[in-house]
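Number of protein chains: 2
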Amino acid sequence: MKITIVGLGLIGGSIAKALAVSKKHEIYALDVNEDVLLDAMSSGVIRNKAAFEDLTDSDVVYLCMYPEGILDFVRANASHFGKNTIVTDVCGIKTQVYSKIKAVSEENGFIYIGAHPMAGKEVNTFAASDAALYFGASYILIKDNAPKEAFEKLESLAKEMQFGRIVYTTPEEHDKMIAFTSQLPHVLACAYVMSPECPKHVGFSAGSYRDVSRVAKINEVLWTDLFLSNRESLVDEIDILIDNITKIRNAVDSADADELKALLAKSREVKEIYG
Amino acid sequence: MKITIVGLGLIGGSIAKALAVSKKHEIYALDVNEDVLLDAMSSGVIRNKAAFEDLTDSDVVYLCMYPEGILDFVRANASHFGKNTIVTDVCGIKTQVYSKIKAVSEENGFIYIGAHPMAGKEVNTFAASDAALYFGASYILIKDNAPKEAFEKLESLAKEMQFGRIVYTTPEEHDKMIAFTSQLPHVLACAYVMSPECPKHVGFSAGSYRDVSRVAKINEVLWTDLFLSNRESLVDEIDILIDNITKIRNAVDSADADELKALLAKSREVKEIYG
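Those protein sequences? They're chains A and D, same order as listed. When we follow the working numbering, the leftmost residue of the first sequence carries the number 3, and every step to the right adds one. When we follow the working numbering, the leftmost residue of the second sequence carries the number 3, and every step to the right adds one.
None of these hints come from the bench; they were simulated from the model. Certain hints may be false.
Note: identical chains are not told apart, hence a pair may lie in one copy or across any two.
Said to hold, decoys possible - Simulated pairs of lysine-lysine, DSS-like, Cα-Cα distance not exceeding 30 angstroms:
#1 K219 to K202
#2 K102 to K85
#3 K202 to K123
#4 K249 to K202
#5 K85 to K219
#6 K249 to K161
#7 K202 to K150
#8 K25 to K102
#9 K102 to K263
#10 K263 to K219
#11 K161 to K263
#12 K104 to K268
#13 K219 to K25
#14 K26 to K4
#15 K219 to K155
#16 K150 to K263
#17 K202 to K102
#18 K104 to K202
#19 K249 to K25
#20 K268 to K26
#21 K202 to K145
#22 K104 to K263
#23 K85 to K26
#24 K51 to K249
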């Protein structure tokens, strides 16, 4: 297949590297950083910088920028996408972005499928990208009336990238789940390291500190965008969390051992059953 | 050295296994579970079940039970400890336990040194214990007027167990730090998995879900004891956390991108500087 990747950061770079493994595809790319394009070419990951024609005759175009950037690019290049080109994205929130891109695709007659590869790292560069980033991860696709063959093509490429499962969902369900599984841990990690004790942790910290604080090494531009694109679901989840922390807090504060034990036992059971 | 370990769970079992590697020591142990003692004997980790005499002539006695159990054991066996025996513990909180054991040691003339090996796992059994559990971890010691040679002996054994650093502190400073580095992540993990979305996470979750929820697989008996033994520091840290989560929540809720970006950037800086 001919594949164009727009944005060679961690996500786009990892897609390019994973699809380059088999040497079966012609891969082109765009990036605002010319050095990254040169790196990707010289390391054999991409064939060349993409031109407008490549948007027209690619089988698949992966849009791997920030949410705002994706929408801007689609609007600016709507007329360049070919009628049989599958345009897909990697955007971590869907409700706000999906319907807008879908509208542009219907108006301009190209195929758009909303997608979210569920993988990441605290470092967001092409240098950190990795052919194995998606190994075992979920590839989430927004189910709609796009051609069946287009979904099959993306599924087949996802298998090449070694995703562990394909999940079909709606934009609303996606954003509700992502608020809990991905955005909330980032909120938590950032709030956690704001404690005045944090700078003194060395010598007193082990695995549980390391794990809960890991994603505090956040890209604040990207995540501000992601959080604000999913305000309602995220605020709901934060409020649920504060409520549950407060329950444990009050049991500790009032030295209510039975209540505290019951709360912790319930959490243990959830974790044991649902992993 | 002759060493007695009381309690062969994850922590005591790992001490036994780590010290058994060199085959230089005579290791004895006690456990309420006879099967665990048989396992430890048949696998060559300990020489035999400990008798009262072993408490008297051991160089070091490691007390590796729950906080309440440690105190009960010290009180019940105060007269059995030898004058040159170093009694030490592994208790995850210090203010409440340390001074009580210290009082018993002064009254009965044995050496007591408060300690906390900063390592753990979500599974709390001898089967899960591991000679390498302490590799690179911190071994925290409460500095006081116990003999210098006793501290040196514990330090030398800690090096055999492959601890990465020895940290000296006070009971108060220890408990304040542990509230933040260890107890708070456990509170968080438990509160996090209480969300109604949690049971549906599969397919939508990746590394950040896994990391923040890991320690929700909690031993509720042990941690109820630990939390309630450190109430004041823990409630303080929970309140600071709720306050910081609320700051992020309000920035998201009011769609204040500048404020949100500034808060996340501050967290990123803390994490980058202090790790």
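Okay, the hints, checked on the actual structure:
For the homomeric pair K219 and K202, the shortest alpha-carbon distances inside one copy (17 angstroms) and between copies (27 angstroms) are both at most 30 angstroms. Proximity of K102 to K85 under the C-alpha cut-off of 30 angstroms is restricted to the intra-copy arrangement: shortest distance 18 angstroms within a copy versus 78 angstroms between copies. In this homomeric assembly, K202 and K123 come within 30 angstroms of each other (Cα to Cα) both inside a single copy, at 25 angstroms, and across copies, at 23 angstroms. Taking the shortest alpha-carbon separations for K249 and K202, both the intra-copy value of 28 angstroms and the inter-copy value of 22 angstroms come in at or below 30 angstroms.
When the C-alpha separation of K85 and K219 is checked against a cutoff of 30 angstroms, the pair qualifies neither within a copy, at 41 angstroms, nor between copies, at 51 angstroms. Within a single copy, K249 and K161 get their C-alpha atoms no closer than 43 angstroms, and across copies no closer than 41 angstroms, so neither meets the 30 angstroms cut-off. Only between protomers do K202 and K150 lie at most 30 angstroms apart by alpha-carbon distance; the minimum there is 26 angstroms, versus 55 angstroms within a single protomer. In the homo-oligomer, the alpha carbons of K25 and K102 never lie at most 30 angstroms apart, since the shortest distance is 34 angstroms inside one protomer and 69 angstroms across protomers.
Taking the closest pair of Cα atoms, K102 and K263 come within 30 angstroms of each other only across two copies (25 angstroms); inside a single copy the shortest separation is 48 angstroms, beyond that limit. Taking the shortest Cα distances, K263 and K219 sit within 30 angstroms of each other only across copies (13 angstroms), while inside one copy they are farther apart (33 angstroms). Within a single copy, K161 and K263 get their C-alpha atoms no closer than 44 angstroms, and across copies no closer than 36 angstroms, so neither meets the 30 angstroms cut-off. Neither within a single protomer nor between protomers do K104 and K268 lie at most 30 angstroms apart by alpha-carbon distance, with minima of 42 angstroms and 36 angstroms respectively.
Taking the closest pair of Cα atoms, K219 and K25 never come within 30 angstroms of each other, the shortest separation being 34 angstroms inside a single copy and 43 angstroms across copies. With identical chains, the CA atoms of K26 and K4 are at most 30 angstroms apart within one copy only, with a shortest distance of 9 angstroms there and 65 angstroms across copies. Taking CA atoms no more than 30 angstroms apart as the test, K219 paired with K155 passes in neither setting, with 35 angstroms inside one copy and 39 angstroms between copies. Taking the closest pair of Cα atoms, K150 and K263 never come within 30 angstroms of each other, the shortest separation being 51 angstroms inside a single copy and 40 angstroms across copies.
Taking identical chains as interchangeable, the C-alpha atoms of K202 and K102 lie at most 30 angstroms apart only when they sit on different chains, with a minimum of 27 angstroms there against 46 angstroms within one chain. For a Cα distance limit of 30 angstroms, the shortest separation of K104 from K202 across copies, 27 angstroms, qualifies, whereas the shortest one inside one copy, 49 angstroms, does not. When the C-alpha separation of K249 and K25 is checked against a cutoff of 30 angstroms, the pair qualifies neither within a copy, at 55 angstroms, nor between copies, at 49 angstroms. Taking the shortest alpha-carbon separations for K268 and K26, neither the intra-copy value of 50 angstroms nor the inter-copy value of 44 angstroms comes in at or below 30 angstroms.
In this assembly of identical chains, K202 and K145 lie within 30 angstroms of each other by CA distance solely across copies; the values are 18 angstroms between and 48 angstroms within a copy. For a Cα distance limit of 30 angstroms, the shortest separation of K104 from K263 across copies, 29 angstroms, qualifies, whereas the shortest one inside one copy, 49 angstroms, does not. For the homomeric pair K85 and K26, the shortest alpha-carbon distance inside one copy (23 angstroms) is at most 30 angstroms, but the shortest distance between copies (76 angstroms) is not. Neither within a single protomer nor between protomers do K51 and K249 lie at most 30 angstroms apart by alpha-carbon distance, with minima of 55 angstroms and 43 angstroms respectively.
Going down the numbered hints, you'll see the structure goes against 5, 6, 8, 11, 12, 13, 15, 16, 19, 20 and 24, while the others check out.
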